[in-house]
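The whole structure should be built from the sequences, with the hints applied where relevant.
Which chain is which? The protein sequence lines are A and B, in order.
Per full-length UniProt numbering, the very first residue in the first sequence carries number 1; after that it's consecutive.
Per full-length UniProt numbering, the very first residue in the second sequence carries number 1; after that it's consecutive.
There's no promise every hint is true.
You can't tell identical chains apart in this list, so a pair holds if it fits in one copy or across any two.
In silico SDA-like cross-links for lysine to any residue, where the CA-CA straight-line distance does not exceed 25 Å [as the list claims (entries may be wrong)]:
1. 339 / 306
2. 147 / 352
3. 147 / 50
4. 147 / 67
5. 147 / 334
6. 339 / 235
7. 147 / 235
8. 147 / 55
9. 147 / 47
10. 339 / 174
11. 339 / 73
12. 147 / 173
13. 339 / 177
14. 147 / 27
15. 339 / 234
16. 147 / 308
17. 147 / 60
18. 339 / 55
19. 147 / 316
No wet-lab data here; the hints were simulated from the structure.
There are 2 protein chains.
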Amino acid sequence: MPEPARNGQAATLDLEGWACPLPLRDSPNIVMGHGGGGAMSGELIEHLFLPAFGAAAAGEMTDSAVVTVGGTRVAFSTDSFVVKPMIFPGGSVGDLAVNGTVNDIAMSGAQPLVLSTAFILEEGTPLSIIHRIATDLGAAATTAGTKLVTGDTKVVDSGHGDGVYINTSGFGIIPEGVDIRPQRARPGDTIIASGHIGVHGVAILSCREGLEFGTTIRSDTAALNGLVATMIATGADIHVLRDPTRGGVAAALNEICTTAHLGAALDERSLPIPPEVRDACGLLGLDPLYVANEGKLIAFVAPDDADTVLAAMHVHPHGRDATIIGEVVTEHPGMVVAKTALGGTRVVDLPAGEQLPRIC
Amino acid sequence: MPEPARNGQAATLDLEGWACPLPLRDSPNIVMGHGGGGAMSGELIEHLFLPAFGAAAAGEMTDSAVVTVGGTRVAFSTDSFVVKPMIFPGGSVGDLAVNGTVNDIAMSGAQPLVLSTAFILEEGTPLSIIHRIATDLGAAATTAGTKLVTGDTKVVDSGHGDGVYINTSGFGIIPEGVDIRPQRARPGDTIIASGHIGVHGVAILSCREGLEFGTTIRSDTAALNGLVATMIATGADIHVLRDPTRGGVAAALNEICTTAHLGAALDERSLPIPPEVRDACGLLGLDPLYVANEGKLIAFVAPDDADTVLAAMHVHPHGRDATIIGEVVTEHPGMVVAKTALGGTRVVDLPAGEQLPRIC
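This is the structure we're talking about:
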């Protein structure tokens, strides 16, 4: 928050009667954790945004909403991207902005029809950087098979912003008969991860901190709508899909379990964590289950259909490392529990904030 | 642009081969004018964004796109709001964020069905401010009769951002038989303004600069979808609607004239400029035609229907000061010409940038 006097805000901030809405944690101010996709983000939505929006808020304001347009079900989603740095090994905020919103739409089983792009540019940013990022964005949209149809550009003063922030919003049509949402999780469902986890977050962190782990870890950012279409085409009964972005696999599974009033039992030895991610996390004291992804999905599938879905995923470029990581149980509703390599168990809690802020 | 070294961006910005895309004006960097909604914004879209997006860009990426969903026409729009200060006489970035996107949707003749809200919050911003702004946002959505269905929250480091930036995106259904777009302008069309112009921009500027003009000028920010519905219900042949935001009435009319290959002839004496706006503009050396609005619209109507539309507007709270400001002519295609109070004429050009940046 800039000092009020500097930009003339002081005279106009009439906040009499506007208190910090309790029971938000101990700080009366925004902290980084509010943007982490974990428990603090949830509190901000539950205790501040939803009460403030009042009757205008429909449902729970989650990552993606289903809206009916003339009898057709549409998945509608929005995301702003503030990743730092803007350009990183394996991608930039440009492709991330497309893939993030495409994936949110795809997690309802929809194919992304159109996207909007809204840029907040910082005064003084070289046009060459914006050109590079916009080119990445266009290429990612082409790869995902979606169209950029409307946009907006704003410029903020030098020293504010961070070069560029991008918001993408968009929608896609949910095919007839497809019903994929957390409430459809069932006891016994097989939990599948589409590939290696933790890669995107560790790539951003390594780049940001100038860390080297023998090899450069590149972000795995990708649009997953093609993989989702392949999975749906098998005719298997897919109950839930989720892209484990901020807060990682831990946050995604906790949210699904809370909504479905069911538990998830993971086997830690089966988690697809590549050695370089495991090494980097070990060195940095991070748990790969909490590290963000942006090119991976988690699927809850009826157990009888799990082999069919896995086989289809294995022949898709974004699913060739797909593997079963656990199952849905009734024992500990709302909780995720992992069987450790040593034979014990540990609770995989919803993270409070995010270990690595600004990874998307 | 922060110094590259400070946040570790230097190591990762591999921009070899990424040049500033000419013929963007003389600066190789983003300047405030690129966000002004005038000629410089147009150049950024034409010479940078559209070529960079390539085949993924559908159409001209204007304020609002028409997308067909299962046979139903949908108007889809996005806008980010970076107004400074966040709270000002007559409103805040919260209601502005709703009204701006609702109005872009309404300018296609659609009623806004759903909105998304994406907040970029600055670390350290008091939660009480966010609470006030979110409450304004919810109330504006309720007033406009739309629903907030999906959202996103990101947090950026203290000193970046400006308290809060808000993106809203949304869509609405265009009624059967309604076809409102710049291409439908016809020679002889009557040009109507829905009320006083220049109010929002002058309110922001006065507040930002601590100026006083005897009376506090309050923003007129409002959702215009109700007024548009009233106008459409008359059955009149409405050809074009436009909300003259950044760049003011001058930018809106220039864009329509360029698209329609027709001219606009204004009568300066008929422009509905309230005395306090005229006085403030005179003192500051501003032309009210270039000052932003966010609660007003411009309509191009078949001349035989003008009286019907005006009469309907006059009984609506947001149209009671509606007045005819000019007509569409064939003489000077792509140009807006105003007859001055002294009997001469002057060309009302597309502004380069924006006289008052960050008014929305």
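Results of checking the hints against the structure:
| no. | hint | result |
| --- | --- | --- |
| 1 | 339 / 306 | within (21 Å within a copy, 74 Å between copies) |
| 2 | 147 / 352 | neither (36 Å within a copy, 29 Å between copies) |
| 3 | 147 / 50 | between (32 Å within a copy, 12 Å between copies) |
| 4 | 147 / 67 | both (20 Å within a copy, 11 Å between copies) |
| 5 | 147 / 334 | neither (38 Å within a copy, 29 Å between copies) |
| 6 | 339 / 235 | neither (31 Å within a copy, 68 Å between copies) |
| 7 | 147 / 235 | neither (27 Å within a copy, 34 Å between copies) |
| 8 | 147 / 55 | between (33 Å within a copy, 8 Å between copies) |
| 9 | 147 / 47 | between (36 Å within a copy, 19 Å between copies) |
| 10 | 339 / 174 | neither (36 Å within a copy, 54 Å between copies) |
| 11 | 339 / 73 | neither (39 Å within a copy, 51 Å between copies) |
| 12 | 147 / 173 | both (14 Å within a copy, 19 Å between copies) |
| 13 | 339 / 177 | neither (36 Å within a copy, 61 Å between copies) |
| 14 | 147 / 27 | neither (42 Å within a copy, 30 Å between copies) |
| 15 | 339 / 234 | neither (31 Å within a copy, 68 Å between copies) |
| 16 | 147 / 308 | neither (31 Å within a copy, 39 Å between copies) |
| 17 | 147 / 60 | between (28 Å within a copy, 12 Å between copies) |
| 18 | 339 / 55 | neither (43 Å within a copy, 48 Å between copies) |
| 19 | 147 / 316 | within (23 Å within a copy, 38 Å between copies) |
In this structure, the earlier hints numbered 2, 5, 6, 7, 10, 11, 13, 14, 15, 16 and 18 are contradicted, and the remaining ones agree with it.
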